[in-house]
Amino acid sequence: MSRPVHIITLVKWVPDAQLERRFTEQRRLDRSEGILGELDEHPIEAALQLRESLPERSVRVSALTVGPAGASTALKKALQLGADEAFHLADDALAGADIFATSAAAAAAVQKIFETAEFDADEPAEQLILTGMSSEDGESGAVPAQLAERLGVPALTQATELSLTTGHLVVARISGDVQQRLDVRLPAVVSVTDQANDPRYPNFKAIMAAKKKPVTTWALTDLGVAASAVTSRVEVLTAAARPPRTSGQIITDEGDAGAKIVDYLVKERLL
Amino acid sequence: MTNVLVFFDRLDEELSGAQRELLSLAGRIGAVHVVTGADPQVVPQPLSVKGIHDIYTGTGLIEPPDAALADLLETALAESHADVVLGADTPDAVDALARLAVRAETGLITSATDISPDLVVTKQVLAGAYTTTSQVTGEGPLIVTLKPNSVESVVVPGHPQEVTSLPVGPSQQTEVLASEQLPSTGRPPLTEARVVVAAGRGIDGDLSLIEELADELGAAIGASRAATDAGWIDHSAQVGQTGVTVSPQLYISVGISGAIQQKAGMQTSGTIVAINKDEDAPVFEIADFGVVGDLNEVLPQMIEEIRRRRS
Ligand SMILES: Cc1cc2nc3c(=O)[nH]c(=O)nc-3n(C[C@H](O)[C@H](O)[C@H](O)COP(=O)(O)OP(=O)(O)OC[C@H]3O[C@@H](n4cnc5c(N)ncnc54)[C@H](O)[C@@H]3O)c2cc1C
Chain A
-8 MSRPVHIITL VKWVPDAQLE RRFTEQRRLD RSEGILGELD EHPIEAALQL RESLPERSVR
52 VSALTVGPAG ASTALKKALQ LGADEAFHLA DDALAGADIF ATSAAAAAAV QKIFETAEFD
112 ADEPAEQLIL TGMSSEDGES GAVPAQLAER LGVPALTQAT ELSLTTGHLV VARISGDVQQ
172 RLDVRLPAVV SVTDQANDPR YPNFKAIMAA KKKPVTTWAL TDLGVAASAV TSRVEVLTAA
232 ARPPRTSGQI ITDEGDAGAK IVDYLVKERL L
Chain X
386 MTNVLVFFDR LDEELSGAQR ELLSLAGRIG AVHVVTGADP QVVPQPLSVK GIHDIYTGTG
446 LIEPPDAALA DLLETALAES HADVVLGADT PDAVDALARL AVRAETGLIT SATDISPDLV
506 VTKQVLAGAY TTTSQVTGEG PLIVTLKPNS VESVVVPGHP QEVTSLPVGP SQQTEVLASE
566 QLPSTGRPPL TEARVVVAAG RGIDGDLSLI EELADELGAA IGASRAATDA GWIDHSAQVG
626 QTGVTVSPQL YISVGISGAI QQKAGMQTSG TIVAINKDED APVFEIADFG VVGDLNEVLP
686 QMIEEIRRRR S
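Here the protein sequences come in this chain order: A and X.
Residues in the first sequence are numbered consecutively from -8, following the numbering used here.
Residues in the second sequence are numbered consecutively from 386, following the numbering used here.
Hints listed in this document are in silico derivations from the structure and should not be mistaken for laboratory results.
Among these hints, one or two may not hold up.
Quick partial rundown of chain X residues pointing at chain A, CB under 8 Å, derived from the structure [as the list claims (entries may be wrong)]:
id, residue
1, P476
2, T518
3, V561
4, A563
5, W617
6, I645
7, N681
8, L684
9, S696
These stretches of chain X come out as covered by chain A in the derived footprint (C-beta under 8 Å, 3 or more residues) [what the hints assert, rightly or not]:
id, segment
10, 484 to 493
11, 500 to 511
12, 587 to 597
No residue lacks a Cβ here, since even glycine has one placed at the ideal position from N, Cα and C.
Extracted from the complex, chain X is given alone in its bound form:
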């Protein structure tokens, strides 16, 4: 039997879509164990799902970027006899798992999209230009981070479970001077939204049409780096190589040229609609439906038409 240890670098009241995917993939491979640095008191509720063998925490809250998370992982690895350690594709999870890989003298594979029953890992590299398969060599466990929107989520609700608190506490290496929750956008989370409306330099600082369209579609708002660098949209909305990767059913790209670093974050979207006034914009190479036109003319009509059909 294969044992899989799933690492949650943070845990809120409800599991995120990415966390459900991790549990689903782990369940497909073997017996699921979960380890998290979250407060042992709050852990049972969000983890009330079927098919988890053990839940491990530290003696108290251990928060990223504390290297004590690697101590916790190392202890949980020994307890669970895991053959695979899985985490989210976030910097905090990568940091802790990277340290674990050094300690366990084994390989780390980031941004995977799948793991086969014989532990071969599939991922896309070079901005999606290649698909590779790879595996770890040697005796150590396979350590992997999973790109969101990669596997089907099959998580069945269950009862709260007991938590095993391992003898690992936070270290004093870093002092937290401030820790502030980022303001919520009031829209669906970007990486989990069914529809994303993304804005680029072409909007020239005016977000009103983008917001109106996103409101009509219940969409999250994304952006190119040019739009976030200009300060028009918060950096957390940036889609691409140095932002987030999205894979919604529908991605509407507005006033974005479609540079390779932008494409890297959105080209696995179900359907791509692009509006750009330059017919040579690279975004049209990957658009399922493209409009060569001025966004200031196309968007108002599009919004109007959606409202007309709904009424």
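Chain A with its partners taken away, still in its complex shape:
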């Protein structure tokens, strides 16, 4: 029997970019409302496509989120999209976590998920961690590499294509102005861009099935992690709303707008 594959996809519950996003008086992002970040649908889709490309193997997809209570809605969506099970690490000590703290907490959770997973197979599962290209609120894109560093595995970020054969993952990514094709042995952390695939929409059947899938909630103590191990290394001193850019002159074309743009550019010395 061939080795099972265990994929953990990291997902984040983020404030909806279509609505107004704001900081609280504690200089933290207001996280009272949120959605599953759209960029995090791509790693889920990538995991499901890997599973579909390996019909002869047992592939488990576990969704993990680190976030407040409300983040369970992001996990619910991940389960509807097709993840098999979900894990939620929620702890007050993680409020306002920076990249350093987030990756420390996520690494502990990833280790626990892999350690406690049971498969009906003789050989241990191959392990892969997939993430989005960046969160839609913090937008650093730095968590995948930090997670890989903490787990002691390679990180291949910004993947636009991926395929899995036994023990090997082949990834396409762009590095500067070079298109790379890389082969890495598992375990590895791979972040997936919004170019990699078109996430599916959950159908009614998938939405109903999601309700029966297991969700495990942990606090830091369940992972044996002390709050002092997940302290942020960056302190936000000020957060000020920027005055929005205002509009200037808007005209309606009456057959002369092309020439009027040129007049404007000349007047502004841009031509």
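Using the hints provided, position chain X with the ligand relative to the given structure of chain A.
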């Protein structure tokens, strides 16, 4: 004296605009040291500039995404006693610096626009809706990536310098199956261009007017995600949250609605001109000069008028 270690994730024959900005900012903060995974043989030429104290490389070429770049950074950090490590705002630099931050148990701040003499970092967050200032806590160095077009470039040419090769080589963790240079557009690099002409879904697959206008203005071509997703323009031209951030003197937005993710990549442009047939398009909220009209009528006349004035 503050020591600043500047990390170049890649190095071509000439420094890029973003790399010049990194050296300029570093020079403003303290003594500049440079570390790069580039081939030690080719490093001295592009780095023939004044004000660099040390240049560090590995024993040979170390290329992203090799985690050995973090080993190189860690060794260079110890050598240079850097208080600040600076890199470009590219995924490859972020990856290596992110690992370094774990090893040095310190904070990483990405997409900064400035660093003050007392090491307070300014950046814009939430698609430009907020400006924050922040700093690292604890003893470790401050690790920062700098958004391009953020600081004034003051790099003075100098003589080639000696390179210190540190005892770090590439790892064998990833095998490179293929590595291909992307085709050049023959236009100025998008992030450094003075003028950007950007096309959206409104062009409906026909790039000819956009190219003609870009030719007239010596402009780079940008795009919305809708235009790159449709395959009309290469993804490398995508401006916005999941593409590149540009800040040209002039950004001409054509047939782009102006979603928040698009605005995030272009709203710090000097002047924004927008052409869109829908008067309610959000792009008009930030345009300095907007035309409600059909691009297929406005652009030919605009191109004609530019040619007429030039002749
Ligand atoms: C997580 C995430 C990340 C994203 N990242 C990016 C990003 O990096 N960059 C980006 O651009 N988008 C990004 N998007 C997508 C973004 O939300 C918009 O969907 C996209 O920008 C729309 O592109 P568009 O304006 O070209 O198309 P549309 O919104 O369809 O607008 C087309 C416009 O063209 C106008 N038009 C049509 N015909 C004509 C004509 N003949 N003459 C004049 N005007 C005409 C229409 O009035 C309309 O306003 C992202 C979305 C998400 C969820």
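Checked hints:
1. P476: Holds - the Cβ of P476 (chain X) comes within 8 Å of chain A, reaching about 5 Å at its closest.
2. T518: OK, holds: T518 (chain X) within 8 Å of chain A, min 5 Å.
3. V561: At about 6 Å, which falls below the 8 Å cut-off, the nearest Cβ of chain A leaves the hint on V561 (chain X) intact, so it holds.
4. A563: holds (4 Å)
5. W617: violated (15 Å)
6. I645: holds (5 Å)
7. N681: violated (11 Å)
8. L684: holds (7 Å)
9. S696: This hint is violated: S696 (chain X) lies away from chain A, its Cβ roughly 13 Å from the closest one there, beyond 8 Å.
10. 484 to 493: holds (count 8)
11. 500 to 511: holds (count 4)
12. 587 to 597: Not satisfied, violated; 0 residues make the cut.
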